[in-house]
Amino acid sequence: MDRDGFPRVARLKDGSSVEISLASAGDGPALLDFYRSLSDEDRLVLKDDVTTPGWLARFLAKLASGASTSLVARADGRICGEATLHRTLHGWSRHVGEIRLSVAAERRGKGLGYALATGVVKLAIDLGIEKMVAYLVESQIAARKTFERLGFRKEAELARQVTDLLGAKRDLFIYANDVSHIWAAMEALVEDYSSHEGH
Amino acid sequence: MARTEIRVGGLGGQGIILCGSIIGKAAAIYSGRHAALIQAFGPEARGSACSAQVIVADEAIGYPYVRHPDILVLLSQDAFVQFSPQLKPDGLVLYENELVQLGGKLPTTARSFGIPATRFAEELGRRLVLNIVMAGFFTGATNLLSIDAVEKAVIDSVPKGTESLNLKALMKGYEYGRGLVAPT
Numbered sequence: 088m089d090r091d092g093f094p095r096v097a098r099l100k101d102g103s104s105v106e107i108s109l110a111s112a113g114d115g116p117a118l119l120d121f122y123r124s125l126s127d128e129d130r131l132v133l134k135d136d137v138t139t140p141g142w143l144a145r146f147l148a149k150l151a152s153g154a155s156t157s158l159v160a161r162a163d164g165r166i167c168g169e170a171t172l173h174r175t176l177h178g179w180s181r182h183v184g185e186i187r188l189s190v191a192a193e194r195r196g197k198g199l200g201y202a203l204a205t206g207v208v209k210l211a212i213d214l215g216i217e218k219m220v221a222y223l224v225e226s227q228i229a230a231r232k233t234f235e236r237l238g239f240r241k242e243a244e245l246a247r248q249v250t251d252l253l254g255a256k257r258d259l260f261i262y263a264n265d266v267s268h269i270w271a272a273m274e275a276l277v278e279d280y281s282s283h284e285g286h
Numbered sequence: 382m383a384r385t386e387i388r389v390g391g392l393g394g395q396g397i398i399l400c401g402s403i404i405g406k407a408a409a410i411y412s413g414r415h416a417a418l419i420q421a422f423g424p425e426a427r428g429s430a431c432s433a434q435v436i437v438a439d440e441a442i443g444y445p446y447v448r449h450p451d452i453l454v455l456l457s458q459d460a461f462v463q464f465s466p467q468l469k470p471d472g473l474v475l476y477e478n479e480l481v482q483l484g485g486k487l488p489t490t491a492r493s494f495g496i497p498a499t500r501f502a503e504e505l506g507r508r509l510v511l512n513i514v515m516a517g518f519f520t521g522a523t524n525l526l527s528i529d530a531v532e533k534a535v536i537d538s539v540p541k542g543t544e545s546l547n548l549k550a551l552m553k554g555y556e557y558g559r560g561l562v563a564p565t
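Chains as they are written, first to last, in the working numbering: chain A, 88 to 286; chain B, 382 to 565.
So here's chain A without its partners, still in its complex pose (with noise of 0.2 Å):
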């Protein structure tokens, strides 16, 4: 087992099991099989094109700085959906960290998609990240709720900010999760001292 208790098996609402574990260099060439496998309406909500060897180099890099952290999950010896952190290392927004989630199609509706994120929710939260983001377009209805029973809520929307492919403008939500709470918790667990006994 390798750090952050991965790898684990998750069981998923159709009783079949996948495999998740922390993403490698050697991922590299399953996660292009994976994206490449994904219909061209899944891959306009993303950011990147994932298709391409730069994709895979610049992503790759990121993951080696620090900059990404990334879980993916597999079944049958195939990459079957994937979670990533990404976050900057330094400046004004270190404390905040952007999830992106795919699920191959096969595998939706199955728990899958909360089992990443899940894990990928607890990897920002121990690597201090305060506040967590994700970038969800209006009909991705099944990932909304995911990350709403995650604890994220709709912080901002962007009135027509995607255009879908049949040229059609959709609006961009922007949900985030503030954990800060959390650790705020712990701060005041160990500062060794109360107001009103132990004097």
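These are calculated hints, taken from the structure and not from any lab test.
As the structure is a prediction and not an experimental result, all values here were calculated from the model.
Incorrect hints may have been included.
Looking from chain B toward chain A, a few residues come up when the C-beta cut is under 8 Å (computed) [unchecked claim]:
hint : residue
1    : Gly393
2    : Gly394
3    : Gln395
4    : Leu399
5    : Cys431
6    : Gly506
7    : Leu509
8    : Ile536
9    : Val539
10   : Thr543
Beta carbons are placed, not taken as given, at the ideal position from N, Cα and C, and that holds for glycine.
Fit chain B to the supplied structure of chain A, relying on the hints for placement.
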């Protein structure tokens, strides 16, 4: 009748009381033994002297104060100066070796082990978990409690959402402690 007296000493803000509380919980709730905890801290929220007295025993504890500790867990130089004279001659000192210099003032029969717990906590991502690294170090170096019991006590004690990093901190300290006391 086995009775072990433990003093955890350091500064406010280092999580001294929580460290003592985890040791006590692991003994009393998750190991079926008896434990007592007495906490003392100064008037400031951070930086003042702070200590926890913990007794772990196989029978009911009639006197809950630590007079001559079997084990000292030290996270500040002031705590070392204050508490080391009370240590039993064959006692054990577990200390944060980047914050505490022992300086040869311990009885020759006493044993001591140091750990760079603050650095480990920072490497894990949060200095806050320094006390949990020390709780793990205590567990690994003393064999007084099982790691399973301490793990349960940590999960029971820390805020929801912080368990994962706190358990990593616990295991970091535990493995370091086991490595130091393992027979060569």
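Hints, verified against the model:
no.	hint	result
1	Gly393	holds (4 Å)
2	Gly394	holds (6 Å)
3	Gln395	holds (7 Å)
4	Leu399	holds (6 Å)
5	Cys431	holds (4 Å)
6	Gly506	holds (5 Å)
7	Leu509	holds (5 Å)
8	Ile536	violated (13 Å)
9	Val539	holds (6 Å)
10	Thr543	holds (5 Å)
Figure legend: structure checked against the earlier numbered hints; the only hint not met is number 8.
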